[in-house]
Amino acid sequence: MNTAKIKTVMGLLAFFLISGCASLGIPERRQTGMTIQDLERAWNEYTVYYSATSGGIPTAIMFAPKNNENRLVGESWTRVEDRGTLSALIFRIQAFSKHTSSTWGIIGPNNRLFGYIFTPSPRILMKAVDNHTVYVYRVPSRQEISSK
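Here the sequence shown is numbered in this note's numbering, starting from 836 and rising by one per residue.
None of these hints come from the bench; they were simulated from the model. Don't take every hint at face value.
Here are the simulated lysine to aspartate or glutamate pairs, EDC-like style, with alpha carbons at most 20 angstroms apart [claimed, not checked]:
(1) K962 - E910
(2) K901 - E880
(3) K962 - E863
(4) K901 - D917
(5) K901 - E916
(6) K962 - E904
Distance windows between CB atoms, simulated [stated by the list, open to error]:
(7) Q872 - T913: 16 to 26 angstroms
(8) T920 - M869: 14 to 24 angstroms
(9) Q866 - N945: 15 to 25 angstroms
(10) S911 - F931: 16 to 26 angstroms
(11) R914 - S936: 19 to 29 angstroms
(12) A930 - V964: 26 to 36 angstroms
This one's a predicted model, so the numbers in the text were calculated from it and none came from an experiment. Glycine is no exception: its CB is placed at the ideal position from the N, C-alpha and C atoms.
Work the whole structure out from these sequences, hints included.
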């Protein structure tokens, strides 16, 4: 195979890889009108997880709807097993944060709502894994963000 053919094949391969990844889009957070009180009342309709600092201070709570083809995943999230724990986490985030906490919708591929996240942090890093999966990284505290 000559050099021109190799360059053409490599260029086409790169184009298809880039366009395939770009079609998933970058997940984003968006205001939806959902409140943390709404989510807490309906907590059994969601698989609930929380993110915390290395010292155990909660930084975010993530709500993934049950019976939904879309998934929220992440390695540093701990599952919340009962409403009492959820209520305590909400209290800790609200009481110990110097900043207002917000409830955000997680919007993934094809502009679909994948779930919700409650956090005072301005930084929520995510990536689309495929059309039905969004990976959410551990949410850092504001102190962790400002120290970097």
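Quick check: which numbered hints come out false for this structure? Hints that this structure does not satisfy do not exist here, as all of them hold.
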